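Colleague: This is what each chain is made of:
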Amino acid sequence: MGNETIKVLIAKAGLDGHDRGAKVIARTLMDAGMEVIYGGLRQSPEQIVETALQEDVDVIGISLLSGAHMKVFPRILELMKEKGIEDKILTGGGTILPEEIEELKQLGVDDLFGPDTSLDDITTKIQQLVYSNRKNVKA
Amino acid sequence: MEKVNDLSKEEQMNEIKKGFMEWEQHTLEPFMEKKPERKEEFYSLSGIPIKRLYTPLDVKDFDYNQDLGFPGEFPYTRGVYPTMYRGRVWTHRQIAGFGTAKDTNERFRFLSEQGQTGLSVDFDHPTLIGLASDDALSIGEVGMVGVAIDSLEDMEELFEGIDIGQVSTSMTINFPAPILFAMYLAMAKKRGVDWRKLAGTLQFDLLKEFIAQKTYVFPPEAALQLSQDVIQFASENVPRWNPINVCGYHIRDAGGNAIQEIAFALSAATTYVETALEAGLKVDDFAPRLSFFFISQIDFFEELAKFRAARRIWAKLMREKYSAKKPESLRLRFHCQTAGSSLTAKQPMNNIIRTTLEALAAVLGGAQSLHTNGMDEALAVPSEEAMQLALRTQQIIAEESGVVNTIDPLGGSYFIETLTNQIEEKVWGYLEEINRRGGYVQCVQQGYFEQEIAKSAYTLEREKTSGERTVVGVNKYKIENEILTINLMKVDPEVEKRQIERLNRLKEKRDNKKVELLLARIRQAAESKAPLMPHLIEAVEAYTTEGEIIGVLKEVFGEYQDPGVF
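Quick note, the sequences are listed as chains G and R, same order.
Quick note on my numbering: the first sequence kicks off at 1 and runs consecutively.
Quick note on my numbering: the second sequence kicks off at 1 and runs consecutively.
Hint data in this document are derived by calculation from the structure and do not stem from the laboratory.
Predicted model only: the values in this text are computed from it and were never measured.
Careful, some of the hints might be misleading.
As the list claims (entries may be wrong) - These stretches of chain G come out as covered by chain R in the derived footprint (C-beta under 8 Å, 3 or more residues):
| hint | segment |
| --- | --- |
| 1 | 14-23 |
| 2 | 26-38 |
| 3 | 41-47 |
| 4 | 70-76 |
| 5 | 92-101 |
| 6 | 104-117 |
Stated by the list, open to error - Cross-link-like lysine-lysine pairs, in silico, DSBU-like; alpha carbons within 35 Å at most:
| hint | chain 1 | residue 1 | chain 2 | residue 2 |
| --- | --- | --- | --- | --- |
| 7 | G | K7 | R | K464 |
| 8 | G | K105 | R | K490 |
| 9 | G | K71 | R | K509 |
| 10 | G | K125 | R | K490 |
| 11 | R | K17 | G | K88 |
| 12 | G | K83 | R | K464 |
| 13 | R | K476 | G | K125 |
| 14 | G | K71 | R | K490 |
| 15 | G | K135 | R | K60 |
| 16 | R | K17 | R | K60 |
| 17 | R | K197 | R | K529 |
| 18 | G | K81 | R | K497 |
| 19 | G | K81 | R | K490 |
| 20 | R | K529 | G | K105 |
| 21 | G | K105 | R | K464 |
Claimed, not checked - Selected chain G positions facing chain R (in silico; Cβ < 10 Å):
| hint | residue |
| --- | --- |
| 22 | S66 |
| 23 | G84 |
| 24 | D87 |
| 25 | D120 |
| 26 | L129 |
Here a beta-carbon is modelled for each residue, glycine too, at the ideal position from N, C-alpha and C.
So that you can see chain G by itself, here it is in the shape it has in the complex:
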């Protein structure tokens, strides 16, 4: 099962239009052999979770630099539970401080990447998260 293509949704939550990071990550993950759905800008938590459900992705990757991350991630987690897709990986990146990353991970976000994270580290981490998740789901 670990050999199946990883399917990822990359979306910009919040209202900021800084899509450089989201696009670079989308391209990076595609180059690493993943299937990427680019959800685009100004996506509400509802839209994001709906797309994740429809496309049956393995990973939801959220980018935001608007400062709204402490409200957006908990809301996405809530909606994932409601829709019964809490087994999917939820990750993301942006101007998020280390202590906020810890707080959001406590709430159930799988991992988050702050500024300056290397592209290779992000790819590897996503692969690890998906493969260990698939094992767990299988078991």
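Chain G is already provided as a structure; the job is to place chain R on it using the hints.
Modeller: What follows is chain R alone, placed relative to chain G:
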């Protein structure tokens, strides 16, 4: 013996060429055999190959009067004013905005006390895209990375105790800019300040919002209609105001390179010029008030050459293509900001050094106004301490370093002149390609700009990941388990609640019937493509909110959807 200065130019070049070849053969080659260079090839940040050495041979077709000229004269390569910083140094203009209008007003006053010479407002995302603070989409965003402005009431609080007849104000706002401008004018009217005395700048470069920064609201056609409306209104009523600040900054921060920054910005600028000309305006009536906004990135020489090249290209475009006559129409004045995307979250104090280098390039490149970034901007909205230090960086360059004492001190350097020529040539190439594709709006629709920017962004990021491009403290000279030692500013999470309460109180006390009537008039004017500015001023005077006006205009103009190209 023949004297050197009796030689013809060609003979001089031949002499230099001979000397150069001898140097290569007798000095360079034996040296490199023992000590090879660090790399096979060297490139600028934007991918321009950089040679080992530049000599008169690189600028042999150089014509001083034609290529450089004198400051304050065509083609303005050396600067837009005859005395440059010997007369007056650039405006120290630190952008500020967070929380409510009151919070930002306090920061403005602090910066002014610290010697800042111009104001610059950063708005929060709901304000930037025309949503009210109580809109469902605004949750978590109000006042977070800019100030929340819903109505004239907020604008008045933002400028409380500040003499707007004296200070110049820049507003980083795009689609809702006509509304914020209307609020500023309404405030001036209430205070009895003559509009003809008001000085300031709206960013209001709507076209670039489709390719970078992305605070778009309406589609391109409506964007051009609004641009023309505000250009005309400002040129007739607020003559010292810059209605459009054409931006390269965001194109660069979105990942584009120096050439794309200048080319795409100049292409947008010519589109505004053509729109105004088509509407019957005369080029010399509005072109003097067009201004620009560029980034200063970390590649020092490339950046300062870029500013020089941009001035020369703009002067040529305005004179040759649009037949502008007034000198003021030909000179490219620009605000500059050091590069947010060059800053790192790791070892944030290193950002002070990056910002200093970038600021110096802006100054040597002849900027009219400058914002220096805070060291903490990769992490948060800058703290007061970070902003003070950033302002001090400008003050030290201006008042201690001595670089301001002569004009364009690097002009005439073989390297700088070559680089300036190369950038100019590459920018012309892009401008031709944009024209070939049918112009700016066509290129937006084709996703051309975004593809070009995304390509550059990806290449750069891969170079950082591979270590090919050093980022100190991030991919080299790292500190394991680094602990953050600087204090960060946290925006009060209660801001949203306070702002919504304020908005609710406003709606209770204003004349809501009048608001409805004025909104209907705005709708009517927009539908019939009549001038909007007078209606907007009237509406904001009655405390109609930004969100309400944008809401009506969206119904008329429609909303733009980003194609998500990369």
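Colleague: Would you mind marking each hint as holding or not holding in the structure?
Modeller: So, going through the hints one by one against the coordinates:
1. For the segment 14-23 of chain G, the proposed coverage by chain R is satisfied: 8 residues have a C-beta within less than 8 Å of a C-beta in that chain, meeting the threshold of three.
2. Only residues whose C-beta sits within less than 8 Å of a C-beta in chain R count toward coverage, and the segment 26-38 of chain G has 4 of them, enough to reach three; the restraint holds.
3. Counting residues of the segment 41-47 of chain G whose beta-carbon sits less than 8 Å from any beta-carbon of chain R gives 3, enough to reach three: the coverage restraint holds.
4. Residues of the segment 70-76 of chain G lying with their CB closer than 8 Å to a CB of chain R number 3, which satisfies the three-residue condition for coverage.
5. Remark: the segment 92-101 of chain G is confirmed as covered by chain R, as 3 of its residues place a Cβ nearer than 8 Å to a Cβ of that chain, reaching the required three.
6. Counting residues of the segment 104-117 of chain G whose CB lies closer than 8 Å to any CB of chain R gives 3, so the stated coverage by that chain holds, three being the minimum.
7. Between G:K7 and R:K464 the CA atoms are separated by roughly 26 Å; this keeps the pair inside 35 Å, and the hint holds.
8. About 20 Å separates the Cα atoms of G:K105 and R:K490, which keeps this hinted pair within 35 Å; it holds.
9. Distance check on the hinted pair: G:K71 and R:K509 sit about 31 Å apart at the alpha-carbon level, within 35 Å; holds.
10. Our distance criterion of 35 Å between C-alpha atoms is met by G:K125 and R:K490, whose separation comes to about 29 Å.
11. At roughly 67 Å between alpha-carbon atoms, R:K17 and G:K88 are farther apart than 35 Å, so this suggested pair is violated.
12. This hinted pair does not check out: G:K83 and R:K464 have alpha carbons roughly 39 Å apart, beyond 35 Å.
13. With a C-alpha separation of about 21 Å, the suggested pair R:K476 and G:K125 falls inside the 35 Å cut-off, and the hint holds.
14. About 15 Å separates the Cα atoms of G:K71 and R:K490, which keeps this hinted pair within 35 Å; it holds.
15. Under the criterion of a C-alpha separation no larger than 35 Å, the hint pairing G:K135 with R:K60 is inconsistent with the structure, at around 68 Å.
16. Taking the CA atoms of R:K17 and R:K60, the gap is about 11 Å. The hint holds against a cut of 35 Å.
17. The hinted pair formed by R:K197 and R:K529 meets the criterion: a straight-line CA distance of about 29 Å does not exceed 35 Å.
18. The straight-line distance between the Cα atoms of G:K81 and R:K497 is roughly 27 Å, inside the 35 Å bound, and the hint therefore holds.
19. Under the criterion of a C-alpha separation no larger than 35 Å, the hint pairing G:K81 with R:K490 is consistent with the structure, at around 30 Å.
20. About 52 Å separates the Cα atoms of R:K529 and G:K105, which puts this hinted pair outside 35 Å; it is violated.
21. Only pairs whose Cα atoms come within 35 Å are accepted, and G:K105 paired with R:K464 is accepted, the gap being roughly 27 Å.
22. Interface restraint check: G:S66 against chain R, minimum CB-CB distance 5 Å, threshold 10 Å, status holds.
23. The interface hint given for G:G84 is violated, since its Cβ lies 24 Å from the closest Cβ of chain R, which is over the 10 Å cut-off.
24. About 26 Å separates the beta-carbon of G:D87 from the nearest beta-carbon of chain R, more than 10 Å, and the hint is not met.
25. With its C-beta approaching chain R no nearer than about 6 Å, G:D120 sits inside the 10 Å limit, and its interface hint holds.
26. Hint on G:L129 is violated. Least Cβ distance to chain R is approximately 19 Å, over the 10 Å limit.
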